[in-house]
Amino acid sequence: MAVIRDVMPAFELFQPSSIADAHKLLKQYGADAWIMAGGLDSFDWLKDRIKKPKVLVDLSGIDELRGIRTTDNGIEIGAMTTLTEIVNNPILRQSYDLLPQAAELVASPQIRNQGTIGGNVSQDCRCWYYRGGWPCYRAGGNICYADTPEGRNREHAILHAQRCVAVNVSDTAPALIALDAKFVIRTSKGERVIDAEDYFIGPDIDITRLHILQPGDLLTTIRIPSTWARTQFYFEKVRDRNVWDFPLLNVASAMALSGDRIERIRIAVNGAAARPLRLKAVEDDVRGKPRSVATGERAGQLAVQGAIPLQFNAYKIPLMRNLVKRAIGGVQEATWTSYREP
Amino acid sequence: MDFVQRAVDPWGQNVPIHIAWFLIQVAAIAGLLFLIVHVIYLRYFAPKVPDVAVPPELVARTPPHVPRHSVASRLYHWIMAASMLTLLFSAFLPKLGVEFDWVPIHWIAGAVLTVAVVYHIIFATFWQDFWSIWPDRADLLDAWRRFLRFLGRQVPPPRRFPKYPLENKLYHGAIIITGLTAIATGVLMMSRVRTIFFPRNPYFFTDSAWGFVYVLHGLAGVGLIALVIVHVYFAIRPEKRAITKSMIFGWMDSTFYLKHYDPERWRIETPNSSSLGKPPEA
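If you read the protein sequences in the order shown, they are chains E and X.
The numbering used here numbers the first residue of the first sequence as 1 and each following residue consecutively.
The numbering used here numbers the first residue of the second sequence as 1001 and each following residue consecutively.
I should point out that these hints are in silico values taken from the structure, not numbers from a laboratory.
Treat the numbers as computed from the prediction; the structure is a model and nothing was measured.
The beta carbon of each residue, even a glycine, is placed where N, CA and C say it ideally should be.
Mixed in with the good hints, there may be bad ones.
Calculated Cβ distances over 10 Å to all of chain X for the following chain E residues [said to hold, decoys possible]:
(1) Asp124
(2) Ile143
(3) Ala294
Straight-line alpha carbon distances no greater than 20 Å define the calculated EDC-like cross-link-like pairs of lysine to aspartate or glutamate that follow [claimed, not checked]:
(4) X:Lys1095 x E:Asp204
(5) E:Lys189 x X:Glu1099
(6) X:Lys1163 x X:Asp1262
(7) E:Lys27 x E:Asp284
(8) E:Lys51 x X:Asp1262
(9) E:Lys27 x E:Asp204
(10) E:Lys24 x E:Asp217
(11) E:Lys54 x E:Glu64
(12) X:Lys1095 x E:Glu12
(13) E:Lys52 x E:Asp97
(14) E:Lys54 x E:Asp72
(15) E:Lys51 x E:Glu12
(16) E:Lys52 x X:Glu1057
(17) E:Lys54 x E:Glu150
(18) X:Lys1095 x E:Glu191
(19) X:Lys1048 x X:Glu1167
(20) X:Lys1163 x X:Asp1136
(21) E:Lys52 x E:Asp41
(22) X:Lys1240 x X:Glu1167
(23) X:Lys1095 x E:Asp32
(24) E:Lys182 x E:Glu64
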């Protein structure tokens, strides 16, 4: 088990002040470079001395990567925009409240002040065997310590596990998928714009990464189209400690109603697999149906089809079923929110 | 330079985890180097195959299409080839940056190959001439004579080939070693992923024994890269095309047969059930 040490391994630190400079550095150092946004994930790795990059590229000095801007077709968020800025942004609150709702449930206020949207969607998984520095599949080895008869896998995957059973724990990722966000990536071949759901990959595609970024690539911007602005949003996160924890599961949905019928819907969950899952089958099934408990019930059943529990996480199946049911059918109870200055 | 990648397991043991991935490129380069060397050898150094006087009665008795591979053998060969190529591509393309969901493809192709090989072993042992694919004294003596003649020494000429030349037999031997190693280790490794065959059991071996299994599987895999490159190269060479065609149609041309093969060492059954070549001694 890794022991936290205060002294990080030596690396060369670069603090570029423009996207162009950052990209040049990332191209130059390739796989030897470590990108640091807010540093909340990075410092764990570095202080545990598990990841030992030769070069660290700190993006905090790049103003171009910060800020929330309205565009002709929606809104654009710089990858280095903090979660607190997202939570407090009036335009997001007014039209795209799903994202602030999700961002507000990330960790603690201090972490949200430092953590960025780009870092939150690109963070590594929290499987303790992997984070402990053991040679599991995700670390390039040949075993999953969590998927063993005695492995501690209460927080792990129930869907799409393949060798590795770690899950993605981003809260903002499913919200961005539900909002049909586009991620803008600077690659060596130029700018690439992809759908939010395509930004994430599971162990079937690459067992060592949770996203598509290759060495040299940089997530610069997240664009949210106006397609889902001011529709009905639902975000719910279930965690062990409500004051500060990663999700066991979360669900995000954006829904446009026509009367009582669901006209359009996008729904995604996270914490169930190594990538946030857009529930297309659920979307197709509930489209045109009334927004009701019965529809939600059916959607919940559909959402967990194919789920395979591990030794200690079977609870996630009814949990996911109920979260999806509540996201579709609605819920009477108040959801948890953090304190905000009046 | 480490050929095996190692890691420290939770119990503090330094264990092997798999081969170093640069061996993929090493194997591919080795296979390609073999081709280049062989092409140069054929172009500048190889002696011409001497014309052999074939008795007219033997020519008359030889059917125009000499049967070489049965339908079952051909089917086996192509199933094995398809599964082997699938296994190699699904194993190594992801390591070279081509990303796709390779694990199910890999274990399904592995299962197909395993069944095919088990079938082949049984079929070859009980229904085919089992020893025809193994090198014998005559093969070794002929190979030695070829080598001496290549050096310019005056020795009796080697005989024409039996059904399988020594090169074929040696290649088959190399495939047996690498293929069976890959299959045996692959079957064990199936207990580490979710398949339809048996429940996962990652504790079947210790970490270091598992590491050994992974290293063996990797070595067999990269060995097969080189072997498959060599095999495909020979299959498409013009002078070997008759052999390749026989793996498709089941027969080879009688002219090719009489020029390259010794009817005494590869007796073929004629339609009236008498074999060509010298009658077997009573």
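Cross-check of the supplied hints:
1. Asp124: Nearest chain X Cβ is 18 Å from aspartate 124 (chain E), so the label holds.
2. Ile143: violated (6 Å)
3. Ala294: The assertion about alanine 294 (chain E) holds, with a minimum of 34 Å to chain X.
4. X:Lys1095 x E:Asp204: holds (13 Å)
5. E:Lys189 x X:Glu1099: OK: lysine 189 (chain E) and glutamate 1099 (chain X) at ~18 Å, within 20 Å.
6. X:Lys1163 x X:Asp1262: Holds, because 8 Å separates the two Cα atoms, which is no more than 20 Å.
7. E:Lys27 x E:Asp284: violated (41 Å)
8. E:Lys51 x X:Asp1262: violated (64 Å)
9. E:Lys27 x E:Asp204: At roughly 26 Å apart (the allowed maximum being 20 Å), aspartate 204 (chain E) and lysine 27 (chain E) break the hint.
10. E:Lys24 x E:Asp217: holds (10 Å)
11. E:Lys54 x E:Glu64: violated (25 Å)
12. X:Lys1095 x E:Glu12: violated (28 Å)
13. E:Lys52 x E:Asp97: violated (38 Å)
14. E:Lys54 x E:Asp72: violated (41 Å)
15. E:Lys51 x E:Glu12: Roughly 14 Å separates the two Cα atoms, so the pair holds.
16. E:Lys52 x X:Glu1057: violated (78 Å)
17. E:Lys54 x E:Glu150: It is violated: about 36 Å lies between the C-alpha atoms, which goes past 20 Å.
18. X:Lys1095 x E:Glu191: Roughly 25 Å between the alpha carbons, so the hint for lysine 1095 (chain X) and glutamate 191 (chain E) is violated.
19. X:Lys1048 x X:Glu1167: holds (17 Å)
20. X:Lys1163 x X:Asp1136: holds (12 Å)
21. E:Lys52 x E:Asp41: Holds, because 14 Å separates the two Cα atoms, which is no more than 20 Å.
22. X:Lys1240 x X:Glu1167: holds (12 Å)
23. X:Lys1095 x E:Asp32: It holds: about 18 Å lies between the C-alpha atoms, which stays within 20 Å.
24. E:Lys182 x E:Glu64: Given that 20 Å is the threshold and the Cα spacing comes to 18 Å, the pair holds.
When held up to the earlier numbered hints, the structure conflicts with 2, 7, 8, 9, 11, 12, 13, 14, 16, 17 and 18 and fits the remainder.
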